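Enquirer: Please construct the entire structure, taking both the sequences and the accompanying hints into account.
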Amino acid sequence: MYRYETERLERFEPDVFGMMATKLQRNLAGLHGFLARLRGLEAVPRASIYELDSTSNIFGDVVPQESVDIVVTSPPYGDSHTTVAYGQYSRLSSAWLELPSPEKTDRKLMGGSTRKSVAIFPSIELNQAIESIRHKDEKRAYEVTSFYSHLQASIAHVSRSVKCGGHACYVVGNRKVKGITLPTDVAIRCFFEQHGFAHANTFQRWIPNKRMPLRNSPTNAAGVVEKTMTDEEIVVMRCEK
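Residue numbers (the numbering used here): 1 to 241.
Certain hints may be false.
Pairs of lysine-lysine residues, derived as DSS-like cross-links and limited to a Cα-Cα distance of at most 30 Å, are as follows [said to hold, decoys possible]:
{"id": "1", "residue 1": "Lys178", "residue 2": "Lys116"}
{"id": "2", "residue 1": "Lys163", "residue 2": "Lys139"}
{"id": "3", "residue 1": "Lys176", "residue 2": "Lys139"}
{"id": "4", "residue 1": "Lys139", "residue 2": "Lys116"}
{"id": "5", "residue 1": "Lys241", "residue 2": "Lys176"}
{"id": "6", "residue 1": "Lys163", "residue 2": "Lys116"}
{"id": "7", "residue 1": "Lys163", "residue 2": "Lys136"}
{"id": "8", "residue 1": "Lys163", "residue 2": "Lys241"}
{"id": "9", "residue 1": "Lys116", "residue 2": "Lys136"}
None of these hints come from the bench; they were simulated from the model. Since this is a predicted model, take the numbers as computed values, not measurements.
Expert: Here it is as structure tokens:
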């Protein structure tokens, strides 16, 4: 959310209901078109939505072990305060929908609770990056470690849900902390390889409709800027256990 200056706020009078009506009409037209295409299919797909936390046990009646053909997901970037503000972006709409504790979203995400030590991961590249961050800012290194610890736990659970011969596809961006690029794509590959997966391929994808600026100033020092993420990696792993 962005707070306007008092003077600008006094002049700010958007047609809120008109804008909402336009968006709703567009979405409704899209839904009708989607349903029309579904009716033309021989086998109509079925979707079920469940609220699960992949960092804890996800198995049971909902997701039995070795029952999934393919997983396609994009985990959080790991730093909603400086990279992609998930909590800030969703807070207002969550409050309107009366969802519980929208202000606590960031703390519930991967890395939301911070470790007090630096862990050793099965990725030399990741360990080297975290150690470089630790030399610059120990607290930030702990925050980074917390995210990858949660991601590692999530992948451990997800990997057990995939059938032999099935695939896991993770869309990730390699963000920077203290000017150091974190090799999230390599880390994901290593985490899955611990559970009997083989690396099928990694595809690079340009980020379309990018809302973030192409450059930012993470240190807030005048004239010191860095490039932000302009592409993503799609890591494809195949279950061979």
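Enquirer: Hinted pair, alpha-carbon criterion (30 Å max): Lys163, Lys241. Please report holds or violated.
Expert: Status holds; Cα separation ~9 Å.
Enquirer: For the pair we were handed, Lys139 and Lys116, check the Cα-Cα distance against 30 Å.
Expert: At roughly 8 Å apart (the allowed maximum being 30 Å), Lys116 and Lys139 satisfy the hint.
Enquirer: Verify the proposed pairing of Lys163 with Lys136, using a straight-line Cα cut of 30 Å.
Expert: violated (42 Å)
Enquirer: Below or equal to 30 Å on CA atoms is what counts here, so check Lys241 against Lys176.
Expert: violated (34 Å)
Enquirer: Is Lys116 within 30 Å of Lys136, Cα to Cα?
Expert: At roughly 16 Å apart (the allowed maximum being 30 Å), Lys136 and Lys116 satisfy the hint.
Enquirer: Is the hinted pair Lys178 and Lys116 satisfied, with a Cα-Cα distance of at most 30 Å?
Expert: OK: Lys178 and Lys116 at ~19 Å, within 30 Å.
Enquirer: Would you check the hint for Lys163 and Lys139, treating anything up to 30 Å between C-alpha atoms as holding?
Expert: violated (39 Å)
Enquirer: Checking one constraint from the list: CA of Lys176 to CA of Lys139, max 30 Å. Satisfied?
Expert: Holds. Lys176 to Lys139 sits at ~15 Å (cutoff 30 Å).
Enquirer: Run the distance test for Lys163 versus Lys116: straight-line Cα separation, threshold 30 Å.
Expert: violated (36 Å)
Checked against the numbered hints above, the structure violates hints 2, 5, 6 and 7; every other hint is satisfied.
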